[in-house]
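Protein chains in written order, with our numbering: chain A, 1067 to 1369; chain B, 2 to 306.
Mixed in with the good hints there might be a few duds.
Calculated pairs, EDC-like style, for lysine to aspartate or glutamate (alpha carbon to alpha carbon, straight line, at most 20 Å) [to be verified]:
id : chain 1 : residue 1 : chain 2 : residue 2
1  : B       : Lys239    : B       : Asp140
2  : B       : Lys196    : A       : Glu1133
3  : B       : Lys109    : A       : Glu1133
4  : B       : Lys109    : A       : Glu1326
5  : B       : Lys196    : B       : Asp153
Heads up, incomplete: computed chain A residues facing chain B, CB under 8 Å, no partners named [what the hints assert, rightly or not]:
id : residue
6  : Tyr1129
7  : Pro1203
8  : Pro1212
9  : Asn1298
10 : Ala1322
11 : Glu1323
12 : Gly1325
13 : Ala1328
Listed next, with one range per pair, are the computed distances between beta-carbon atoms [unchecked claim]:
id : chain 1 : residue 1 : chain 2 : residue 2 : range
14 : A       : Cys1161   : B       : Gln149    : 50 to 60 Å
15 : B       : Glu277    : A       : Leu1112   : 41 to 51 Å
16 : A       : Met1324   : B       : Glu292    : 33 to 43 Å
17 : A       : Gly1093   : B       : Thr235    : 49 to 59 Å
18 : A       : Val1304   : B       : Thr83     : 32 to 42 Å
19 : B       : Glu168    : A       : Arg1361   : 54 to 64 Å
The set of hints was computed from the structure by calculation and includes no laboratory data. If you're wondering where the values come from, they're calculated on a predicted model, not measured in any experiment. In this text, a Cβ means the ideal position worked out from N, Cα and C, and glycines have one as well.
So you can see what is in the structure, the chains are spelled out below.
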Amino acid sequence: MRRSRRTLVALRSGPEWAIEAIIRVLGVSTIGLVALIFIFLLTEGLPAFFEIPLGNLLGIRWYPTSELYGTLPLLLGSVLITVVAMIIAFPLGVCTAVFIREIAPAWAREILKPMVEVLAGIPSVVLGFFGMVVLAPVVREGLGAPTGLTTFTGALVLAYMALPTIISVAEDALDAVPKSYRDAGLAMGATEWQTIWRVVLPAARSGILMALMLGMGRAIGETMAVMMVTGNAARMPVGLDALLRPVRTMTATIAAEMGEVASGSTHYHVLFAIALILFVLVFAITLASASVMFRRRERGGLR
Amino acid sequence: MQRYRNRRLDVLRASSRRWLVLAALICALAGCGGQQLEGQVSNAAGTIASIQNKGSDTIVNLALAWVEAYTAAYPQVSISVTGGGSGTGIAAMINGTVDIANASREMKEEEYQAARANGIEPIEHVVAQDAIAVVVHPDNPVDQLTLQQVSDIYTGRITNWLQVGGEDRPIVLLSRESNSGTYVYFLENVVRLGKESDLLLSPDTLLMPSSEGIGAEVRQNRNAIGYDGLGYVTHEEKMLAIARDDAGPYVLPSASSVNDGTYAIARPLYMYTAGEPTGAVASFIQWVLTEGQVQVDDLGFVPLQ
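All chains should be modelled from the sequences, with the hints used to inform the complete structure.
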């Protein structure tokens, strides 16, 4: 015992100190990198706001090769597709989490949990290809859309991609609800369903909200799959038929156009401005979910 | 305890020494490798020439066929071909990272200016002709359109196939991304009919990231209309006959109709070099303009003359 402690002290003066320093540098550099990326986005993106009149930049026509840089269709496109994806994925994800945590027998849980993680590992280009080849014809034939490459198809693929995030975070939240809550509910004569719906879910509310927000962050930043299945038409996604019409998202626009644009040109700056908007959006979502998480911690892990 | 620590240190030292030896060995090996490589390169500098070729996705398959045939005949030359789009290739040529830029459109004035700012005077070589085919689903009863009708369809003035003699179906517009040379050519020469105007493609147009994206949608969707280089049209898509105006004959795209000038939507394909080509680049381009025209024909493009 004494000996080992002495060895530790001796080690700390040597390699231990070095390792601590390395870990500290790595930790700080992560934050530094994010800051650098943000500064880079600012320096490349901000000129767009001076080079182009605001009316053009907030217009509804995105024709960058004809100097029409209306980002509104792209912004609304991203928001619409994300919201629809969440409407699909959130109930599904929470229900799956409830099933895995509350209802499924232990052996099923052991199989289902890793399966959900495998779901998260499918590359987005594979899902995009699946959406293009399988989902698009179904949407066209089944829902009578002129083309299968629509907002709805994209939202379906995005929902699928956000599901693993939602399920695992929601499941963790349910896991944090003490067993005594469930016992109390059942002891009061509530059925199993009533206990889940009235006691367990409300107790895990903030964690489930965080699942929604993390899923949302996952969906809004997705690029490849969206580019393959949404048709990329920069139309204003307004009106009831917008779901069954093509849409162009911010991420797909950046991905499709960045490779071709002359560096330093107005178009280049606008693409960075879009990236900046996207960064701020995702940052706000992450911040909101973090604040939810901290609030939960303050209240001792519940409510 | 003291002894214990010492022994540990010894072990540590011994192992670190072993690592040092290993590291030295690796360094030595790597050093040798490096020297060998250098030797090879300097030995071969007189015989192996390497050419970088980049640009238009329309030309990339053709360029690959050229390179395959050329390096079979002249094995001392190695040529690498990459796609990425006309603009990408031209930008790379201006920045001096490639020797030849493939382009399916003429260089823009700004690009010439950027090149001159870099001290480069780009030289243009027309290497083949390409026709752009307007394609629809094979079951679509429409066989022919005038240029004006194609323009009206793509600007969104005609939105139903019924208006051009087809079924009562909505028209789904397919286009390449705005960075594609094919897009620029189509916009200027078909949608704007070659005139000065500010007509634009309808915002409902689906912008596909690749030729294959257009092909896949046209094959699946009876509502769709698309356009693409003649070399990329497959048998599962139907090409439309195009007329310059209501009176003119409707002509299907083919090598002969492009060369005799009756097919309306045809364009030259270019290679750009930084200054007059010299050495291996010059002989390659000379070969492309003469013997290379066989591959042009094989790939569904239209040979010069």
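Hints, one by one, checked against the model:
Restraint check for Lys239 (chain B) and Asp140 (chain B): satisfied, since their Cα atoms lie roughly 8 Å apart, inside the 20 Å limit. Simply put, Lys196 (chain B) and Glu1133 (chain A) have alpha-carbon atoms about 18 Å apart, close enough for the 20 Å limit, and the pair holds. Restraint check for Lys109 (chain B) and Glu1133 (chain A): satisfied, since their Cα atoms lie roughly 15 Å apart, inside the 20 Å limit. Pair hint Lys109 (chain B) plus Glu1326 (chain A) holds up; C-alpha atoms about 14 Å apart against a cutoff of 20 Å.
Distance hint between Lys196 (chain B) and Asp153 (chain B) is fulfilled; the C-alpha atoms sit about 14 Å from each other, no more than 20 Å. Look at Tyr1129 (chain A): its Cβ gets to within about 5 Å of chain B, closer than 8 Å, so that hint holds up. A distance limit of 8 Å between C-beta atoms decides the matter here; for Pro1203 (chain A) the minimum to chain B is near 6 Å, and the interface restraint holds. Interface hint status for Pro1212 (chain A): upheld, as the beta-carbon distance to the closest one in chain B is roughly 4 Å, under 8 Å.
Because the beta carbon of Asn1298 (chain A) sits about 4 Å from the nearest beta carbon in chain B, less than 8 Å, this interface hint is met. Evaluation of the Ala1322 (chain A) hint against chain B yields a held restraint, the C-beta minimum of about 5 Å falling below 8 Å. Taking 8 Å as the C-beta contact cut-off toward chain B, the hint placing Glu1323 (chain A) at the interface holds, the least distance being around 6 Å. Among the interface hints, the one on Gly1325 (chain A) holds; its C-beta lies about 6 Å from the nearest C-beta in chain B, closer than the 8 Å criterion.
Here the hint on Ala1328 (chain A) is kept, as its CB sits about 6 Å from the closest CB of chain B, short of 8 Å. Checked against the given bound of 50 to 60 Å, the beta carbons of Cys1161 (chain A) and Gln149 (chain B), roughly 55 Å apart, stay inside it. Taking 41 to 51 Å as the suggested C-beta distance range, the pair Glu277 (chain B) and Leu1112 (chain A) conforms, at roughly 42 Å. Distance hint check: the CB atoms of Met1324 (chain A) and Glu292 (chain B) are about 38 Å apart, consistent with the given range 33 to 43 Å.
At roughly 54 Å, the beta carbons of Gly1093 (chain A) and Thr235 (chain B) sit within the given window of 49 to 59 Å. Between Val1304 (chain A) and Thr83 (chain B) the Cβ separation comes to about 40 Å, which falls inside the hinted range of 32 to 42 Å. Between Glu168 (chain B) and Arg1361 (chain A) the beta carbons are some 59 Å apart, a value that agrees with the proposed interval 54 to 64 Å.
When each numbered hint is compared with the structure, no violation occurs for any of them.
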